[in-house]
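Student: Read off the chains here:
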Amino acid sequence: MQEYSSQAAYDRGEAVCVIGAGAAGLIAVKNLRENGFEVDCYERDTVLGGLWNPENQHSPLYPHTHLVTSRSQTEIPDFPMPDDWPDYPSAAQMLDYLKRYAAHFGLAEHIWYGSEISHIEPVEGSRFEIVVKPAAGSAARRLRYGAVIIATGHHWVPNLPSYPGQDGFRGTILHSSQLKDGSRLRGKTVLVVGGGNSGIDIACEAAVNAAECVHSVRRGYWYLPKYLGGEPADYALARLQRRPRWLRGFLTDRLLKGHRELSARMGMEAPDHKHTDEEPIRNGRYLEHVGDGSIQHRGEVTRFDGGEVAFTDGTTVRPDVVVLATGYKPKIGCCPPGLLGVDGDSPYPKLLARMFSPRVETLAVAGLVEPGVGALPIFHWQTHAIAHWLHIRKGDPERAANFRQQVVSESAQYAVDSTGVSPRHHLAVDAEEYLAGLGRIIDTLEQEPAK
Amino acid sequence: MSLQVWVRRTRTPEPASVKREIAVIEPSDLLEIEARDDPDASPVLCCTGESAGAAAFGGLWLKRIAGAGRYAAAVSVRGQGSTPAAPGGLEACAHDVVQAAIGLPRQAVLVGHGSGAAWAALAAGRYPAAALVLVSPQKMPKQPPRPVGEPKVLLAVGEAEAQSKEAQATAEAYGVAPLTFAGNSGDVFTGAGAEGLLDAVLSWLGSKD
Ligand SMILES: Cc1cc2nc3c(=O)[nH]c(=O)nc-3n(C[C@H](O)[C@H](O)[C@H](O)COP(=O)(O)OP(=O)(O)OC[C@H]3O[C@@H](n4cnc5c(N)ncnc54)[C@H](O)[C@@H]3O)c2cc1C
Ligand SMILES: NC(=O)c1ccc[n+]([C@@H]2O[C@H](COP(=O)([O-])OP(=O)(O)OC[C@H]3O[C@@H](n4cnc5c(N)ncnc54)[C@H](OP(=O)(O)O)[C@@H]3O)[C@@H](O)[C@H]2O)c1
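Top to bottom, those sequences are chains A and B. Residue numbering for the first sequence follows the working numbering, starting at 400 and increasing by one per position. Residue numbering for the second sequence follows the working numbering, starting at 1036 and increasing by one per position.
Since the hints were made in silico from the structure, they are not lab data. Even glycine gets a Cβ: it sits at the ideal position worked out from N, Cα and C. You can trust all of the hints, since none of them are fake.
With a straight-line cut-off of 25 Å between C-alpha atoms, the simulated SDA-like cross-links for lysine to any residue are:
no., chain 1, residue 1, chain 2, residue 2
1, B, Lys-1187, A, Ile-791
2, A, Lys-625, B, Ala-1051
3, A, Lys-498, B, Ser-1052
4, B, Lys-1054, A, Glu-630
5, A, Lys-498, B, Asp-1075
6, B, Lys-1187, A, Arg-499
7, B, Lys-1054, A, Ala-491
8, A, Lys-498, B, Ala-1058
9, B, Lys-1054, A, Trp-484
10, B, Lys-1187, A, Gly-794
11, B, Lys-1054, A, Ser-489
12, B, Lys-1187, A, Ile-475
13, B, Lys-1187, A, Gln-846
14, A, Lys-498, B, Lys-1054
15, B, Lys-1187, A, Glu-433
Derived DEER-like restraints, expressed as beta-carbon distance ranges:
no., chain 1, residue 1, chain 2, residue 2, range
16, A, Pro-533, B, Leu-1066, 47 to 53 Å
17, B, Glu-1207, A, Lys-532, 50 to 56 Å
18, A, Leu-639, B, Ser-1052, 20 to 26 Å
All chains should be built: construct the whole structure from the sequences, respecting the hints.
Tutor: Spelled out as structure tokens, the structure:
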């Protein structure tokens, strides 16, 4: 780093640097401190909570965002949510929860706000030098750490499709992350593009608030209501995991059959994949809105033409507002791609066990998975493992080396085969298998060393 | 808590939510004495197997803990004090203790007395207590879970119970030597024995391990 070399780096010894104070970063700080590490957490924004904090400049929250995963499946394993909260807490409650977590474990004093990390690089073998992007008028600061955990999230860079004629469109085009406020939909003709959780939720919002709502998806999905058999759906399905595989398949099919038949009757594309190949969309209201006509369900957009948008079936609509709920691109800007195992210009890191750098032992990423279930518990077990690993590495390098071998062999296992369904599933893991793998890793780390 | 134990728990029905009675005395509430409010000291959360629940700690414990500069709280689990009864055995009572703990401003010390010690022990298996104090434990699980976050553990038993199986098994499970206090389990809430016990607990909490 030529440009920074005029100023010596401040050495923080064996302290660990955590980048990002969203859910994953906060949980990492707590688990590292529990393992005796000093921690500095850098957050580029001025608030904690990451995407759950509407004050975070780039928060992707849209009106009335609620969890799609239920409370018991989403709460942090060693710090449950209050049990008088609803089954599906709101985004505001989720933020409140993360703030309580931070206060309870005294995390705030370890967070440096307004500090974007612009670059990290290995130095002296396995240590790291980090560069804090300068605030206006001051010089960049450089510091050295024993290890770095990246927890910068992956919902910050919108994935934006482009259609013929889009530039000449007379209405407003927004990405779902720019919507923020439901009043932008009121009284308008709204076209929502994209059938992920954001697109479906926003279509439902427009169904009740907009004058007219048209919703475009490019393929068929499974829709899962929030409750199945009187229980939160994710909980009901997780409980089935205790059954033998064949019975599980049978019972799940039975639970989902009604919704599949309903979407078929409504003339929607049949999903071209099994419900186990991709996480179903978690929204029960959607089909009802299609059923009562407040959402007009269409196929893929083919082109924009002046004020008009055309679909594959030849129909058209004249929207005032187009909301592109077309997802996000993962991007870890502060880290040289090679350290994350990225080859070529792929944006998708290839990490050991989806968290450890394949190149440097003291670099890990927390939260770079789409588990299809509550994300916080996964972050907890990931950072629990990372913190334990760093701890052992400090005291017993030989054990650490053996452990590394195991992680490499585990790594091959839990990639969901996403071929054919959608490129956005690169980060998807089968939660059941991934957790089992994490469990094996943690067991090895916690075994008493053989004497 | 191991990952496997957690997975099992997420697939078990959660105990019904109850409105819990929680008694609190903060150092700043004590007007008569000049309490040193120590913002770094962990709050203390107490529970007992006796049916009075939180009220049992009202006379002496909470004031004395607050007097030592700590946020002092006690919880009545389901069926105790003014907390309504609700189904669920040991597990549900431990759940009540964890729920009370997460409501405190900071990471708390768990103090359990009698069968309350068993709830505190289970609670410490899934909530990273700042420290775990078991006073005259009763009805302890055969193999109490390993406390998460590796807090320090204090076992305090009355002289009369020091040789009991329960006391010895608990000492062994946690690998600690019991601290003995004058009297027995019934003497922990009032009297000179109780004050001596409390002072010993507070000084243990204040000491570096
Ligand atoms: C709309 C929406 C709804 C969701 N709903 C659910 C749900 O119902 N259940 C569920 O379990 N999950 C849900 N998720 C998944 C969500 O990703 C996780 O719940 C979780 O909040 C992710 O946390 P994180 O810490 O990994 O990332 P983030 O919350 O994105 O936090 C990353 C932090 O890093 C900071 N940062 C980024 N780059 C830098 C840098 N270079 N230097 C310093 N700081 C930096 C950012 O400012 C941010 O604060 C949802 C996601 C979205 C987008
Ligand atoms: N309430 C909640 O808890 C909640 C709400 C929103 C989001 N989330 C989570 O946040 C993450 C992001 O969700 P998201 O819904 O914003 O994004 P997403 O899950 O990536 O979905 C994007 C949608 O846009 C479609 N799409 C992408 N590129 C397209 C193109 N070029 N043309 C047409 N369609 C295109 C995708 O189709 P394909 O399927 O064919 O790729 C998909 O339907 C997910 O993990 C999600 O579960 C949770």
